[in-house]
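Below are the chains, spelled out letter by letter.
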Amino acid sequence: VSVLGIGHGNKLLTDLYNCHLTKVYTVGGLFGKATDDFSDTGKLVEKTTFDHITREKLERILAVIQGTNHKALLMHSNIDMKTQEAYELAVKGLIRPMGKSPPIITAIRCLQFALPEFQLEIHCLHETQQYLRKIVHEIGLELKSSAVCTQVRRIRDGVFTLDDALLRTQWNLQSIQNAIWDCQLKVKTELEKTLGHQDKSRLHEMDAAMAHAADS
Amino acid sequence: KISSVACGYGFTLLSSNTTDIIKVWGMGLNKDSQLGFQRSIRDRTKGYEYVLEPSPIPLPLEKPQQTRVLQVSCGRAHSLILTDSEGVFTMGNNSYGQCGRKVVEDETYSESHLIHQLKEFDSRVVQVVCGQDHSLFRTKKGAVYACGWGADGQTGLGHYNITSVPTKLRGDIAGVNIIQVSSYGDCCLAVSDEGDVFGWGNSEYLQLASVTETTQVNVPRHLPFKIGKIKEAACGGTGNIVLTEEGNVFVWGYGILGKGPNLIETAVPEMIPPSLFGWSDFNPDIRVAHVRCGLSQFAALTNRGELFVWGKNLRGCLGTGRMEDQYFPWRVTVPGEVVDVACGVDHMVSMAKSF
Chain A
1 VSVLGIGHGN KLLTDLYNCH LTKVYTVGGL FGKATDDFSD TGKLVEKTTF
51 DHITREKLER ILAVIQGTNH KALLMHSNID MKTQEAYELA VKGLIRPMGK
101 SPPIITAIRC LQFALPEFQL EIHCLHETQQ YLRKIVHEIG LELKSSAVCT
151 QVRRIRDGVF TLDDALLRTQ WNLQSIQNAI WDCQLKVKTE LEKTLGHQDK
201 SRLHEMDAAM AHAADS
Chain B
1 KISSVACGYG FTLLSSNTTD IIKVWGMGLN KDSQLGFQRS IRDRTKGYEY
51 VLEPSPIPLP LEKPQQTRVL QVSCGRAHSL ILTDSEGVFT MGNNSYGQCG
101 RKVVEDETYS ESHLIHQLKE FDSRVVQVVC GQDHSLFRTK KGAVYACGWG
151 ADGQTGLGHY NITSVPTKLR GDIAGVNIIQ VSSYGDCCLA VSDEGDVFGW
201 GNSEYLQLAS VTETTQVNVP RHLPFKIGKI KEAACGGTGN IVLTEEGNVF
251 VWGYGILGKG PNLIETAVPE MIPPSLFGWS DFNPDIRVAH VRCGLSQFAA
301 LTNRGELFVW GKNLRGCLGT GRMEDQYFPW RVTVPGEVVD VACGVDHMVS
351 MAKSF
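Protein chains in written order, with the UniProt record's numbering: chain A, 1 to 216; chain B, 1 to 355.
It should be emphasised that the hints constitute simulated quantities derived from the structure, not laboratory data. Please note that the accuracy of each hint is not assured.
[Stated by the list, open to error] Footprint (simulated), chain A over chain B, 3 or more residues, beta carbon under 8 Å: (1) 94 to 104; (2) 124 to 138.
[Said to hold, decoys possible] Dumping the calculated PhoX-like pairs for lysine-lysine here, alpha-carbon to alpha-carbon at most 25 Å: (3) A:Lys57 x B:Lys353; (4) A:Lys82 x B:Lys312; (5) A:Lys92 x B:Lys119; (6) B:Lys312 x A:Lys144; (7) B:Lys141 x B:Lys119; (8) A:Lys33 x A:Lys100.
We put the CB at the ideal spot given by N, CA and C, even for glycine.
One chain only, chain B, in its complex shape (with noise of 0.2 Å):
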């Protein structure tokens, strides 16, 4: 039973919270391995580049039989894995830093067989998060840390320079309880226990203009929305999306963000109306429960199990059944109840329960 799902830039990552040996299988590209080494068939000592079926991943757990995977996360071209009781394990590209370990000059990262891990954090690390080329986790105790690429800022960490170890994030989110932390491209979110949503990281796109006229923002900056207490929150390539305690749906930032053809571009969040999720007189208990975000798609899932989706449709990422681009939100049919779903950069993995 699957339990969580990732997309990254031309890979997914598919995990389960068994206690089996195999927990986390992946397809897709393994250029960078960011599936791990992928053992060849034809010739045992080379490794795949494209793994064409979900393959499992061997994991270098001490206690394999006891040690459950909680969730994965994929960026770019690396891939975080996040365990009970053994902190994190990263794979892939780490040019940056983004694997949290120091960079290796010329390293040549096709067919290599390291898996590193990381486990020092303030406390638990309970989320796992890729950006493009940087990486943040979410501990037990609120905090934030990153690694990886800063040039945007993204890393949060007051420099625009990468960083090869997980360091803690400050700024206005010091001392403050994060519950949730997001991001994709290279802008990052985190909301509060307290309702309140922080940004940092790119702005080219408007997605932090509400606070800043710069275009690269290096350290969190409480976004200062009046739009009631915020639950959730997802960050895509040019556009961002949260969910408010209310149910409600906002969107700011750049691209095709839900509300037609018409808004392109907006700083300050804009609210898609709920009719558009199937609320009406009629059904006026649909809420959205949950939102997310590609490099240029959002998808939002209803409390009846309901999946919506709108953006650029990539090769059909969408998956409306046509090849256009949505310009507001539309239902997608799916054969069971959507239970969470994953976008890529053109592609999306939606987990569902049947009927």
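Pulled out of the complex, with its shape left as it was, chain A reads as follows (with noise of 0.2 Å):
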């Protein structure tokens, strides 16, 4: 999922960024190898066992991946813990670092486990894609053993989800203006829920630039 504004639509862009929305990544692992630069196609550095390997220990430390990440969403969200607001927003899910911070995961699961190969669906922020390769050597090293990252897929860019994603074959203008259409709300309440209690003012200039966009 690559996200894509025209004309008016930059200007949203810059507004979604803002936002500073989860990007969801389909990652694939595979266990055994440990190369130079976490992916399978990298110099390969050592090889291990894995019989030892169970679900339920991986899933034991995504568990404590997610946990530490957690703590790092509150540091690095500057938000003032004593008050009323803060609980309003950790309620609604949105204590998030608003400015520039390092990747942060806010969720991380097991989706497929078939020794060697394993896959997890990661909920990330402000991360790049050799952090998502660095997870899975992490999680090897934690297994005692190693993995390598073999896919890096995003599923999910903030509202966009695979499902608004047009396939090479729908890239016309007439698919392209349906699939504006149909995001339009979805932007917008995104857009109206996070920024909404910071500045309301500026939701109206985003209503006028959503208009034309679908428009033009």
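Dock chain to chain to rebuild the complex, using the hints, since each chain is given by itself in its own frame.
Here is the structure:
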């Protein structure tokens, strides 16, 4: 999923970026190898056994990762924890770093597990591809083995999911216009929800911008 | 392997259900011999008033290699130890009869060797709970006994005097099969097998205001909350918390209740949104499994082994890594799956299984 903006949509892209919404990836991994760049095409550095790894052990490690990242969420989000506002945000799940921050994983779970392969779903903020590969490598180390990353696929970027994505065969004007119409409401709701509590006056600007984007 | 842990007012008890001779360890304050007699190494006639590392507590057991310690509980200056076949052992301060024995005038509790044994109950005692200066015993038949300080009605015996012999409670719990009791300050809660909750004791902080305006309730009263069947309850100093069968957490009372700084007091239970414990569309199976109370803190354990805390952060007892009070549930990073947690006044102990 790769989000593109057309015309006035470009302004919306900046606003969406400022929402700091999470992106979701499916990451495929393979136990038993370790390479220098953490992917399966890199130079092989080490080979290990992996028969001792069970799905349960993997899930426990994932829980730890989620926990440590949870704390990082708070530290970087610059919210005063003593306020009622902080409580409201926490309930809605909106405590997120609204500025620059190192990559943070908000949720991680195991989708498939078939030794030596496994697939994870990772929700994260401010990540890089290398960071995701490194996570796979570290999971391998924690399980007293090693792992390399075989696949990284973005399945969601903020409000845009795989279902909204246009296939290569659909790259024509009519489909693009339809897609913009469909997404309009979703984008608007998300922007309102996240940025709404910050600045209500800007919402009117965004409304106008979105109407333009859909018509042109 | 430690199976039970309890935090008192400045001291901690750990116990294992082993058949070895040493089954209980204690550390912290020992000015009232709440940790038994800890012989000083320097002067063998004297005992330690402060125990700085977990030290064995010798119990006068008839069958030390067969009897197992099931549970421990700590109050302000007294401790209760529950065994499977030799009743309950009590140690520590007895100025109000909280140890279940007659009050001795001018008794010196410091450096005392006295450990009292309680055996006279209608059936086997299955849970012991220490309030601030009183003790509660729950038996297998579902009855509750109490002894100790009663000025707030926390003994639930219909009067405000002290009681030095464990006596059965009546009131709204007469004939009811109680499956859990809880207390830490001067208020008490009991849960029945049908999911009802009963309370008695101090109500200065609206803990029992849903049934009465009086600030001291000396007979167990049914609290008619319509929040679902209650599975577990925990009492703190000024606030109470319950867990329902559906896995929802409700709080009421006074203090930092867990819904932000604006909720300071309520007489009626308010639910804490499950999203604060990690529940989301992404993780719909997360449920709170246990709730615990310290004097001014709350703790909740989820079915994933995660620990969430909130309340006053005295001396960093919440374990969040910060010194500020926490106004809503926050996850504590523990290097292991948390199995149980005990909250004290300004410290907390959790038992965890490593990954």
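Original post:
Hints broken by the structure, by number, lowest first?
Top reply: Per hint list: 1, 2, 5, 6, 8 violated.
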